[in-house]
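Spelled out from the first residue to the last, the chains are:
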Amino acid sequence: MPEARVIPLRSDEELPPVLPPAAPAPVVASDWEHRLAGGLAFLRRRITGDYEIDDFGYDKDLTEHVLLPPLRPLYDKWFRVETRGLDNVPDDGGALIVANHSGTVPVDALMTTLALHDHHPAKRNLRLLAADLVFTLPVVAPIARKSGNTLACNADAERLLSSDELVGVFPEGFKGIGKPFSERYKLQRFGRGGFVSAALRTGKPIIPVSIVGAEEIYPILGNSKTLARLLGLPYVPITPLFPWLGPVGALPLPSKWLIEFGEPIETAHLGGQAAAEDPMLVFNLTDQVRETIQSTLYTLLMQRRSVFF
Amino acid sequence: MKPRVVLVTGVSRYLGTRLASTLAADPSIERVIGVDTVPPRAEALPQLGRTEFVRADIRNPLIAKVIAQAEVDTVVHMNVIATPLGAGGRTAMKEINVIGTMQLLAACQKAPSMRKLVVKSTTAVYGSSPRDPALFTEDAEPKALPKSGYAKDAVEVEGYVRGFGRRRPDVTLSLLRFTNFIGPVIETPLTRYLSLPVVPTVLGFDPRIQLCHEDDGIEVLRRFALGDHPGIFNVGGSGVLLLSQAIRRVGRPSFPVPAPAVSLVAGTFRRAGLVDFSPEQMRYLEHGRVADVSRLTREVGWSPRSTAEAMQTFVERAPRILNPETVAAAETRLLQALTRTKEPVRA
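Going line by line, the protein sequences match chains G and R.
Residue numbers for the first sequence follow our numbering, beginning at 1 and rising by one.
Residue numbers for the second sequence follow our numbering, beginning at 310 and rising by one.
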C-alpha cells in the first residue's frame, strides 16, 4: 500500500545537512534520542492513520509499541514465565496451538502470545480465537481485534491457518477459565472438537501446550451467579482478594509459570476434508490432544517446587 | 453473449447515469434504455449520450411494455436505494425497492427476449454483529438478519431475485453485493459522515470498514452486463481500514459517543440534515463488516483497487483539517528542540 504513505518524512531534500563548518565532529545520537524519535514517529503515524492492519483488524504497529510492552514486566518479573519446547513451534507456516485455559481472566492467553512473540526465534505472532462475548464488549472488542485475535469460528480459524498464521485456541473456553480452584489443572470438556476439524481441513499440525501457573493467579472460591446473570457474564468470581479489596484484589498472585510446547501432531497425512467429516477421527484426535496436555500438566506440576517459586 | 438492448433502472441517480453512459459509449450495444421515476439531472444529459430515457415508475406495469416492445435482453437493476431522504420517506423507499423489484422481475419473467439480469445489491445483507466471521464469503449465512431499512429491503429483493432465477433458469443471473462506495465524486451517507468537521463514533468500538471505488463499481457492472458471469459476488476493495484510521486519514477529529446516547445523536444529525444514518448503519459503526472479494477476482480476472487506495481518492477530495505535512513538520521541530543534534535522528 505505498499510495497511503503520503508523508515524505525526514527525507534528505527536506532537511539539507546544515552543519556549520566550525563543528566537524558529528554528534552521535544517543539511545534515548533514538527512542524519542521512534516514539514521535509512532505518534505521527497514529495521528495521520498511516499504518496498516490486516483483514482481521490486526494492528501490528499498535500491538508491538503499545499493547505488548506493559505485559513484559508481568511476564519476566511477576510470573517469571519459563518456556519449554519452543522449537516444536515451526518458524513459518500455519499451526494450531491448543492450550489449557485457566485463571479467571485470560492472562494465560497474553503470556502465551508474549512467549511466542519475544522468545521464539522467528518471533511469531499468535492469532487467538476468542469467545463471542469478547466482541460484544465495548473497549475490549476493538483491542482484541487490534492485537490479532478473532472470533472462534471455523471460517476464521481455517482462513488464518491457510494463510500460514499461528493460531491459538483454548477449547475449554469459559468452562476452563472460570472453574473453581478445587478443580485446578483438571481439563474440562474440549468443546465440540471444532479446532481439530479446522486443522484437519487445512492439514496443519496441532501443537498441544500445557500452561502451569495460571490457575493460581486468581483462585476462584465462589461464583456470584446472580450478579453474573445480571451482568450477562458467564461468571463473576469471588477470590480471596476480590471483591473484598477492591482494585487491589484485581492484582494477580505472583505464581511461578511454566509453559510447555509439546510435539506437533501432524494432520496433513490424514486426508483433509474427508477426515474432517469423520466424527470418530475428530473425537479421537481431540482426545489425544486433551490427554497429551493433561499428562504434561501433571509432569510439570511434579517438577514445580512450589506455587510461587 | 454480448447484449443487444440493455435496460438500466435507477438511471437518474449517480451510479445509474455513469453506467448508462459507459454502456452507451460501447458501439456493440444497439440500444441503452434508462428507466427512472425522475428525469436525469440536466448536467448529466450530455454524459448519457444516446441513452434513451423512459420516465416510468418500475412500480407499475408500464415497465413490462417497455421491456417487451424494445426486446430488452439485458437488465441491470440498480434501483435498490439506500437512503429514505432521496426517495421521499421510508415508505416510498420501501415501495420502490421491494414492489419495484417485484414488478420488474414479473416483467422480465414474461419477456422471451430476456437473457441476462444483473442486480446491484449490498453486503449489508450479511448484517453486522459481534458474532460475524472476519470475512463474509458469498455463501455465508448472516448471524443476525438486518431488521430494518435498506439492508432489510436488500434481503427481500435478493429473495425475489432468487425466485426469478428458479423460474427462468435460461436467464444468466448475477447478484452483486457491493461494499460501501467511496471516491472523488460520489455522495453517500458514508462520505457525508466522513466529511463532518467532527466525526462522531461509538465509544469503545472501532469497526473494520471495506470500501469500493466508484469507478471500479461501474467497471464491475459493465463487465457483468457485457459478459456472462452467473452467481453471487461480493464487490469491493481488498483489505480493510479501521473506522478510526479512516477518520485519521481524512484528518478529522473524532468524537466518541457512549452507546446509549448514539441514537439521540444520530437523530439530531438526521434532523439537521447532516447525515442520514439508519439504525442498521449504527450497528455497522459498532461491528463493521468485511466481505471476501476473491471470488470476483477469480471469475472476471480483474480486481477493484484496495480499500486503502479507494480511501485515498476520497482523502484527496476533502479538505483535511489536520494535514499529515503539518504533523510531520511538528514532529521534526519537536525532535530537534528536544535533542542536541541538528541532524535528523532515525528511529
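Keep in mind that a hint or two might mislead.
[Said to hold, decoys possible] List time: in silico DMTMM-like cross-link candidates among lysine to aspartate or glutamate, alpha-carbon distance up to 25 angstroms:
id, chain 1, residue 1, chain 2, residue 2
1, G, K60, R, D479
2, R, K419, R, D479
3, R, K452, G, D31
4, G, K77, G, D132
5, G, K60, R, E465
6, R, K456, R, E640
7, R, K452, G, E82
8, R, K461, G, E277
9, G, K123, G, E183
10, R, K419, R, E352
11, R, K452, G, E158
12, R, K456, G, D132
Hints are computed from structural coordinates only; laboratory data are not their basis.
Consistency of the hints with the structure:
1. G:K60 with R:D479: violated, 49 angstroms
2. R:K419 with R:D479: holds, 13 angstroms
3. R:K452 with G:D31: Given that 25 angstroms is the threshold and the Cα spacing comes to 51 angstroms, the pair is violated.
4. G:K77 with G:D132: Between G:K77 and G:D132 the Cα gap is close to 32 angstroms, so the pair fails against 25 angstroms, i.e. violated.
5. G:K60 with R:E465: violated, 40 angstroms
6. R:K456 with R:E640: Roughly 47 angstroms separates the two Cα atoms, so the pair is violated.
7. R:K452 with G:E82: violated, 41 angstroms
8. R:K461 with G:E277: Distance ~35 angstroms between R:K461 and G:E277 Cα, so the pair is violated.
9. G:K123 with G:E183: violated, 34 angstroms
10. R:K419 with R:E352: violated, 35 angstroms
11. R:K452 with G:E158: Holds. R:K452 to G:E158 sits at ~18 angstroms (cutoff 25 angstroms).
12. R:K456 with G:D132: holds, 21 angstroms
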